[in-house]
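Going down the list, the sequences are from chains V and E. For the first sequence, the numbering used here assigns the number 15 to the initial residue and increments by one for each residue that follows. For the second sequence, the numbering used here assigns the number 87 to the initial residue and increments by one for each residue that follows.
Hints were generated in silico from the structure; no laboratory data involved. Yeah, the Cβ is synthetic: ideal placement off N, Cα and C, and Gly gets one too. Hints are not guaranteed to be accurate.
[Said to hold, decoys possible] Now the in silico label distances, taken between C-beta atoms and shown as ranges:
1) M165/E to D474/V: 31 to 37 angstroms
2) L133/E to S553/V: 48 to 54 angstroms
3) G506/V to T175/E: 50 to 56 angstroms
4) E494/V to G157/E: 21 to 27 angstroms
5) E201/E to F468/V: 37 to 43 angstroms
6) K173/E to G100/V: 28 to 34 angstroms
7) L85/V to T175/E: 47 to 53 angstroms
8) E253/E to A107/V: 29 to 35 angstroms
9) E494/V to A190/E: 23 to 29 angstroms
10) E81/V to T175/E: 39 to 45 angstroms
11) T563/V to G237/E: 28 to 34 angstroms
12) T175/E to I247/V: 56 to 62 angstroms
13) S80/V to T175/E: 36 to 42 angstroms
[What the hints assert, rightly or not] Far from chain E, some chain V residues (derived; all Cβ distances over 10 angstroms):
14) P109
15) G122
16) L214
17) W237
18) L272
19) M288
20) R328
21) D375
22) K385
23) A397
24) G483
25) G517
26) E525
27) T559
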Amino acid sequence: MRDHTPGYVRSGATQRAWLLLLVVAMLALAGMQPGEASAHASLTGTDPADGAVLDAAPERVTLSFSEPVDLVEEGYRLFDDEGLIGTLEAETAGPDVLLTLPDDPGDGSYVVAWRVISADGHPISGVLLFSLGEAGGARVAVPDEANITPVVSVVQGIAYMGLLAAVGLLLFRVLVTGDVRVDRIPALVAAVIAVIGHVLLIPLAALRGAGRPLGDVFQADAWNGGTDDLTVIVALIVAVALAGAFIATYARSGTQRLAGVLTGSLGTLVTLPMVGHTRTDGFSAMLSGIDLVHGLAGAVWFGGLIGLARYLRREGSRDPLMAVRVVSRFSTLAGIVFAIAAASGVYLAFQYLDSLDALVDTTYGRLLIAKILVLLVPFGLAAWNRFSLIPTVAREPDTSATWHRLRRVVIAEVLLLIAVVGLTGFLVLQSPQGEPVAAESGIAATPYEETVEFNGGTLDVRLTPGAAGTNELTVDVRGEDGSPVVLENPPGVTLSLPEQGLGPISESLEETETPGVYAGEVQIPLRGEWEILIGMRLSRFEQATVTVTVDIP
Amino acid sequence: MKRLPFACRSAVLGAGAAALLLVSGLAPASAHVNLNAETTAAGSSGLFRFSFSHGCDGSATTEVAIAIPEGVRSVSPGMNYGWTVEKVTDESATPAADGHGAAAPVTEVIYTAKEPVEDGFYDEFVLRVSLADDIEGETLYFPVVQTCEEGEAAWIEIPAEGEDGDELEYPAPSMTVTAPEENGGH
Chain V
15 MRDHTPGYVR SGATQRAWLL LLVVAMLALA GMQPGEASAH ASLTGTDPAD GAVLDAAPER
75 VTLSFSEPVD LVEEGYRLFD DEGLIGTLEA ETAGPDVLLT LPDDPGDGSY VVAWRVISAD
135 GHPISGVLLF SLGEAGGARV AVPDEANITP VVSVVQGIAY MGLLAAVGLL LFRVLVTGDV
195 RVDRIPALVA AVIAVIGHVL LIPLAALRGA GRPLGDVFQA DAWNGGTDDL TVIVALIVAV
255 ALAGAFIATY ARSGTQRLAG VLTGSLGTLV TLPMVGHTRT DGFSAMLSGI DLVHGLAGAV
315 WFGGLIGLAR YLRREGSRDP LMAVRVVSRF STLAGIVFAI AAASGVYLAF QYLDSLDALV
375 DTTYGRLLIA KILVLLVPFG LAAWNRFSLI PTVAREPDTS ATWHRLRRVV IAEVLLLIAV
435 VGLTGFLVLQ SPQGEPVAAE SGIAATPYEE TVEFNGGTLD VRLTPGAAGT NELTVDVRGE
495 DGSPVVLENP PGVTLSLPEQ GLGPISESLE ETETPGVYAG EVQIPLRGEW EILIGMRLSR
555 FEQATVTVTV DIP
Chain E
87 MKRLPFACRS AVLGAGAAAL LLVSGLAPAS AHVNLNAETT AAGSSGLFRF SFSHGCDGSA
147 TTEVAIAIPE GVRSVSPGMN YGWTVEKVTD ESATPAADGH GAAAPVTEVI YTAKEPVEDG
207 FYDEFVLRVS LADDIEGETL YFPVVQTCEE GEAAWIEIPA EGEDGDELEY PAPSMTVTAP
267 EENGGH
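Go ahead and model the full structure; you've got the sequences and the hints to work with.
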């Protein structure tokens with residue numbers, strides 16, 4: 015038989031050999047399958063033991079399971095009082111998992127959060143607590159947690175400046191000078207500053223809310239883990255709207271330019287009421303609208319002044335008559351805009367402040383007073399412009415000295431407005447009610463109490479004192495008719511902290527003298543929003559599970 | 087088109103077969119008590135297979151009690167010769183008025199092992215179940231309590247509103263009732 019296969023296989027014997035090899039390989043692979051799937055693996059012991067108090071730091075932590083398990087990448091983390099220290103190196107040794115601890119961890123309480131996959135693919139996770147050098151296992155949340163509000167305020171102020179300047183510059187060209195050539199470069203610079211500022215606010219706002227230090231801005235979870243989606247949306251809208259307004263300046267017809275720039279500007283300014291105090295009491299169209307108008311007025315004034323300053327430098331003495339018209343036009347516009355800004359600002363202040371006393375009593379109020387005082391200066395300057403300086407220039411349009419004076423006044427106004435916008439950056443991060451906006455340590459923990467319904471009755475849950483450390487959890491089980499329900503076994507409790515991926519931590523409750531009431535000691539090692547799952551065996555075939563979320567400051 | 091050389095073809099076929107084997111082997115076998123309902127149509131009758139292959143945390147199984155939910159019109163437990171079987175009925179309930187007899191509804195079916203079934207051995211119970219007519223779309227849960235020489239495993243968790251059943255550790259076996267068949271079969 016003639017062999018038609020070119021090159022590789024020449025004879026029938028070789029073909030059979032290949033086939034045999036393949037069959038053997040397949041069988042070998044099949045033989046390598048995991049053996050009969052077992053039930054979920056379980057933790058049989060740990061070294062150090064859960065809750066142990068040790069004199070010296072162990073080199074490693076050993077987790078012993080009922081059978082060999084698979085490791086989870088980055089699934090082993092070490093926490094201390096202040097939060098996450100880092101991930102731990104892990105390796106398996108038979109049914110054990112060995113975790114390497116860092117050198118010299120120092121005295122204190124530690125939490126090791128671990129996660130493995132048992133042979134049947136089921137993930138198991140848990141938490142191991144131990145202390146070094148300290149008696150007692152109770153942990154207290156560290157009182158000095160980071161407060162990066164000042165930094166965030168500065169970034170917010172700069173972001174605002176970029177935003178207002180970009181919008182105002184584009185509107186200035188379109189509304190006031192009416193000419194085709196646009197100050198694109200400063201507008202672009204302002205827009206870039208605005209976008210960068212808003213992007214930086216994404217992690218900064220999250221860190222501030224979580225009380226984490228500034229250095230954490232380099233950690234990935236500051237950017238996506240604890241992010242308030244709103245900051246991301248705002249940054250996106252600002253970028254897109256400014257880009258749109260910018261592109262519109264290249265449009266051919268004046269109407270198109272105006273429409274595009276206005277739309278882009280409004281789109282950008284819409285982000286102002288989206289964040290901050292306008293949202294305190296739910297959405298109010300009136301409040302948001304006034305907030306937007308306030309922003310628009312500010313933008314026109316601020317950006318317009320910058321545009322005017324640049325205009326004067328370039329055109330001031332060259333075409334004095336035109337320049338006089340431009341300046342007068344802007345001055346009138348500025349006057350109207352200032353009135354709008356002032357009126358809307360007063361309205362907003364009234365809405366946000368609880369009382370007139372709050373003006374003096376709260377940081378918010380005091381910042382507001384400062385803002386108003388600072389604003390009086392550019393207002394005064396603008397008035398002087400309108401009623402004194404401009405008529406002088408109009409009378410002697412050829413004197414460059416007068417133009418220089420005018421330009422200096424305008425620049426002075428710009429600088430003062432920069433201060434005003436900077437103050438606004440701080441203003442929006444202060445609570446008008448006088449309490450800090452972000453949860454800060456130092457607030458006394460309040461005991462948690464809540465009544466939850468489940469299929470079959472109600473559960474009264476109480477956690478005292480409701481702070482990190484040792485807590486007493488009391489559970490009162492009642493039937494639909496309100497009478498106490500006595501369970502055959504006390505409810506099972508597990509605690510977890512989803513935001514850190516901690517848990518589940520199992521705790522046990524015991525019967526108390528009162529029928530239907532079960533209590534026990536639970537350890538809450540870290541601050542955060544903890545989820546407590548309470549499982550009750552109501553009857554042989556009925557299990558009810560209730561989940562409560564407790565915010566531990 | 088010229089065929090690929092034999093070696094290449096075999097390699098591809100072999101790799102494909104090996105991949106299939108790998109995939110089938112890797113699918114985690116369930117350690118839960120499982121329900122395989124051979125019929126799901128409302129109003130129909132068919133065999134429901136409850137199976138398990140593990141004890142309670144390694145301990146041998148001595149008893150399996152299956153709770154029968156509302157929505158099951160009648161149930162005939164199958165005989166499994168390694169076990170004795172008992173039906174628990176609710177005498178106080180009014181009998182179903184559907185012409186199938188005035189029997190009190192069965193609320194539990196309890197299988198007791200004659201010899202404890204070691205962990206790692208498979209067994210199943212076949213029940214002939216008749217589903218009610220008007221429960222299309224409902225999910226019926228059959229909580230199972232598995233008692234062992236040491237301890238018990240209560241497969242009784244029912245997912246709450248919005249909760250994902252896959253996340254439960256001890257889920258109750260369940261099946262969802264589908265539309266009734268054209269010829270309402272028995």
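Out of the numbered hints, which ones does the structure contradict?
Numbers 1, 2, 3, 6 and 27 - these are the hints that the structure violates, sorted from lowest upward.
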